[in-house]
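Colleague: Keeping their order, the protein sequence lines are chains D and U.
First residue of the first sequence? That's 1 in the working numbering, and the numbers climb one at a time after it.
First residue of the second sequence? That's 1 in the working numbering, and the numbers climb one at a time after it.
Hints were generated in silico from the structure; no laboratory data involved.
Please note that the accuracy of each hint is not assured.
To be verified - Label pairs and their computed distance ranges (CB to CB):
1) Val72/D with Arg255/U: 49 to 57 Å
2) Ile250/U with Asp37/D: 48 to 56 Å
3) Glu78/U with Lys42/D: 25 to 33 Å
4) Arg255/U with Ile231/D: 29 to 37 Å
5) Asn297/U with Val72/D: 34 to 42 Å
6) Gly150/U with Ala51/D: 43 to 51 Å
7) Pro236/D with Arg255/U: 21 to 29 Å
8) Ile231/D with Gly327/U: 29 to 37 Å
9) Arg59/U with Leu296/D: 54 to 62 Å
10) Asn297/U with Leu87/D: 27 to 35 Å
11) Lys42/D with Ile250/U: 46 to 54 Å
The structure presented is a predicted model; accordingly, all values stated were derived computationally and were not measured.
Just so it is clear, CB atoms sit at the ideal spot from N, CA and C, and this is done for glycine as well.
Residues per chain, in single letters:
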Amino acid sequence: MKASDRETRTDGGVTEDDLFNRTGTLSKRTRKERWADAFNLKVVAPLRILAGDARGVIGISLLTFVVLLGTVGPLVVKQPTTLDAELWAPPFQSLDYPLGTAALGQQVHRQIVHTTPAVLLMILSGAVFSMFVGTAVGTVAGYKSGRLDYLLMMFSDTMMTIPALPLVVVLAAFYRPSDPLIVGVILGINNWPGLARTVRSEVLSMREEDVIEAARVMGLSDTRIVRKYIIRNLMPYITVNFAFSSRRIIFEGIGLYFIGVLGGASKTWGVIMQEAYDTSDLTNIGQLHWLVFPMLMIVILVLGLILTAQAMDQLWNVRLRARHAQDGDASHGEHD
Amino acid sequence: MANYYVKRVAHAVIVFMIVTTIAFALIRLMPFGPMEMVRMRVAQQMSTSGSFSAEELERVNNLVEVYTNINPEKSIPEAYLDYMVQIFIYQDFGRSIYFSEPVGPFMLRRMQWSLFISVYGLALGRTTSLLFGAAMAYKEGSRFDQTLTGISILNRTVPFYIVGIIFLIIFAFNLEWFPSGGLYNRDYTPGVNLQYMSSIVHHAALPVIASFIAGFGGALAYRGNCIRELGKGYIRVGHLRGISDTRIAIRYVGRNSLLPIYTGLVIGMATVFSSSIILEKIFSYPAMGLATLQALNNRDYPLLMGAFLFFTLLTLLGVLIADLTYGIIDPRVKGGDERESF
Numbered sequence: 001m002k003a004s005d006r007e008t009r010t011d012g013g014v015t016e017d018d019l020f021n022r023t024g025t026l027s028k029r030t031r032k033e034r035w036a037d038a039f040n041l042k043v044v045a046p047l048r049i050l051a052g053d054a055r056g057v058i059g060i061s062l063l064t065f066v067v068l069l070g071t072v073g074p075l076v077v078k079q080p081t082t083l084d085a086e087l088w089a090p091p092f093q094s095l096d097y098p099l100g101t102a103a104l105g106q107q108v109h110r111q112i113v114h115t116t117p118a119v120l121l122m123i124l125s126g127a128v129f130s131m132f133v134g135t136a137v138g139t140v141a142g143y144k145s146g147r148l149d150y151l152l153m154m155f156s157d158t159m160m161t162i163p164a165l166p167l168v169v170v171l172a173a174f175y176r177p178s179d180p181l182i183v184g185v186i187l188g189i190n191n192w193p194g195l196a197r198t199v200r201s202e203v204l205s206m207r208e209e210d211v212i213e214a215a216r217v218m219g220l221s222d223t224r225i226v227r228k229y230i231i232r233n234l235m236p237y238i239t240v241n242f243a244f245s246s247r248r249i250i251f252e253g254i255g256l257y258f259i260g261v262l263g264g265a266s267k268t269w270g271v272i273m274q275e276a277y278d279t280s281d282l283t284n285i286g287q288l289h290w291l292v293f294p295m296l297m298i299v300i301l302v303l304g305l306i307l308t309a310q311a312m313d314q315l316w317n318v319r320l321r322a323r324h325a326q327d328g329d330a331s332h333g334e335h336d
Numbered sequence: 001m002a003n004y005y006v007k008r009v010a011h012a013v014i015v016f017m018i019v020t021t022i023a024f025a026l027i028r029l030m031p032f033g034p035m036e037m038v039r040m041r042v043a044q045q046m047s048t049s050g051s052f053s054a055e056e057l058e059r060v061n062n063l064v065e066v067y068t069n070i071n072p073e074k075s076i077p078e079a080y081l082d083y084m085v086q087i088f089i090y091q092d093f094g095r096s097i098y099f100s101e102p103v104g105p106f107m108l109r110r111m112q113w114s115l116f117i118s119v120y121g122l123a124l125g126r127t128t129s130l131l132f133g134a135a136m137a138y139k140e141g142s143r144f145d146q147t148l149t150g151i152s153i154l155n156r157t158v159p160f161y162i163v164g165i166i167f168l169i170i171f172a173f174n175l176e177w178f179p180s181g182g183l184y185n186r187d188y189t190p191g192v193n194l195q196y197m198s199s200i201v202h203h204a205a206l207p208v209i210a211s212f213i214a215g216f217g218g219a220l221a222y223r224g225n226c227i228r229e230l231g232k233g234y235i236r237v238g239h240l241r242g243i244s245d246t247r248i249a250i251r252y253v254g255r256n257s258l259l260p261i262y263t264g265l266v267i268g269m270a271t272v273f274s275s276s277i278i279l280e281k282i283f284s285y286p287a288m289g290l291a292t293l294q295a296l297n298n299r300d301y302p303l304l305m306g307a308f309l310f311f312t313l314l315t316l317l318g319v320l321i322a323d324l325t326y327g328i329i330d331p332r333v334k335g336g337d338e339r340e341s342f
């Protein structure tokens with residue numbers, strides 16, 4: 001009942017507790033509290049779950065290490081110089097060049113730091129691209145079904161059969177893609193159909209469920225149903241796919257840089273490997289560190305990705321997340 | 001059921017036509033694309049002076065057509081039709097500039113070597129990884145299982161070419177047990193004789209091992225599926241009925257755990273084929289992948305486009321085989337689509 005209504009009462013009577021005037025016993029939560037709760041559930045709980053799993057801890061630390069190397073690293077570490085330091089210095093001997101030096105005295109650690117941003121950009125663009133396109137195509141095809149499904153799957157089948165490596169080689173013939181962002185997307189083009197297929201088959205079984213039917217009867221819009229009920233349940237597939245498509249893009253991308261198909265202005269670990277492979281005496285163990293460290297970087301990055309993805313699997317488990325939220329009713333309810 | 005097969009094959013043909021169209025578009029429509037380049041090359045070879053008579057121009061155009069299957073004089077729809085007819089009816093992929101021979105037969109000759117190393121590597125890699133996966137599932141939680149799980153994760157983090165490079169450095173450059181490149185020793189005459197054949201094996205050993213690593217995969221996924229399948233009721237019923245353990249392991253557990261990963265495994269083979277570009281470069285193994293790179297470095301566009309279509313065809317065949325054989329291992333697949341559309 002509105003305040004103005006109450007004022008018009010002139011007989012002095014006060015509207016007591018009529019049923020429709022009750023505001024309920026729940027105290028109204030301030031915006032701050034709501035934000036705190038959301039933060040608790042969305043940030044604190046996931047971190048706690050990851051911290052409770054050895055794979056999560058190792059994976060996240062490896063990833064953080066590489067990301068820091070690629071973002072903060074270039075600001076802190078200077079550009080590699082030539083003929084400034086001792087030639088072929090072995091690793092772990094000097095603080096000036098902890099990873100040793102190469103044929104022309106280039107500091108290997110500086111080379112690695114300054115090539116990391118390009119690698120990260122390549123992975124990010126490719127994996128994000130294939131994640132978005134794959135999820136979008138898969139959900140629409142599975143949810144809408146019918147002719148649209150057929151056309152979208154036809155399109156994704158066509159994309160799947162275009163082999164990424166030969167495509168990059170062909171493109172490199174008349175246009176040398178040196179921007180890592182573009183290389184990533186090209187390598188991603190036959191990466192998304194796999195995700196699209198998985199997502200589609202999941203959505204196909206999900207769309208027959210009662211929740212979805214009820215939502216449709218209630219007249220919720222398709223976008224809302226897809227966003228609220230379908231995409232959420234797909235998150236495990238999407239994160240795992242993100243890790244695996246990143247892995248594939250690293251492998252193929254670095255491989256192409258290594259065999260000299262890509263290159264030009266942007267350098268990646270693959271270019272270092274190529275220089276090292278072509279320049280150093282491969283029978284001399286004192287020169288192998290130049291080749292080994294970039295290889296090690298690939299392994300570190302991919303290991304980080306895979307371990308994190310495995311640990312992330314548990315993140316999408318709603319019950320587990322509720323139990324790990326700092327306080328609130330959910331955690332009590334779970335233990336009962 | 002026959003309808004299902006017809007549908008899949010028709011689908012594959014349509015997809016290949018789409019990809020061929022893309023290839024045509026790349027050649028014909030790109031500014032300074034392959035056709036322009038070939039034309040400039042031919043023109044340079046023919047004349048030292050800058051200008052052409054009409055007659056010479058016609059000869060240039062004819063040569064361009066020989067090389068790329070596309071006559072620059074014709075309109076785009078006409079040229080497109082010609083291109084498709086050449087590829088689908090006459091299997092004519094044009095003529096290589098660098099190797100100066102028709103692209104089709106050249107690719108066929110190179111392809112056998114690529115297939116030789118890939119197929120052996122793949123067959124060995126896939127079989128062992130599946131066997132390991134099943135063994136790990138049966139011994140779940142044991143030290144054997146833990147060790148192999150660790151190895152499998154490691155295998156997924158190390159790209160095959162790194163393994164290849166390391167093997168090359170150890171076994172070819174340092175120990176000199178294996179050659180570092182080539183198809184076979186040139187001293188021996190090709191034919192059915194022991195020296196020649198053992199020389200082939202000797203040269204292929206390292207590339208096959210590397211492609212074994214590339215083809216090794218799916219062990220972990222298979223292990224997971226097997227464990228899930230082993231816990232199901234019908235396996236217990238099978239045991240109670242007195243069906244032998246081998247039969248249960250192969251026909252019940254093995255087959256049903258294979259279904260979810262089967263398509264992925266077969267399509268993955270196509271990826272291994274196209275990774276031969278990196279593999280053959282590292283091992284200097286002059287087969288299809290290396291030819292593609294040489295085509296790139298020498299701007300041999302006809303060969304490059306041919307190789308592109310060739311790798312696409314391989315992938316397409318992989319997908320088609322996966323689709324067609326899936327019906328055999330899983331009889332439940334239905335061709336029809338009776339879902340409601342909304």
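Colleague: Could you run down the list of hints and mark each one as holding or not?
Modeller: Comparing the hints with the structure gives:
1. Checked against the given bound of 49 to 57 Å, the beta carbons of Val72/D and Arg255/U, roughly 52 Å apart, stay inside it.
2. A C-beta distance of roughly 53 Å is found between Ile250/U and Asp37/D, which places it inside the suggested range of 48 to 56 Å.
3. As the Cβ distance of Glu78/U to Lys42/D is approximately 60 Å, the hint placing it in 25 to 33 Å is violated.
4. At about 34 Å, the CB distance of Arg255/U to Ile231/D agrees with the hint of 29 to 37 Å.
5. A hinted range of 34 to 42 Å holds for the C-beta pair Asn297/U and Val72/D, which are about 38 Å apart.
6. Between Gly150/U and Ala51/D the C-beta distance comes to about 22 Å, which lies outside the given range of 43 to 51 Å.
7. The hinted window of 21 to 29 Å between Pro236/D and Arg255/U holds, with their beta carbons roughly 26 Å apart.
8. With their beta carbons about 32 Å apart, Ile231/D and Gly327/U fall inside the hinted range of 29 to 37 Å.
9. For the pair Arg59/U and Leu296/D, the beta carbons lie near 57 Å from each other, so the given range of 54 to 62 Å is met.
10. In this structure the hint that Asn297/U and Leu87/D lie 27 to 35 Å apart at CB holds, the actual value being about 30 Å.
11. One distance hint, 46 to 54 Å for the beta-carbon pair Lys42/D and Ile250/U, holds here, with the actual separation near 47 Å.
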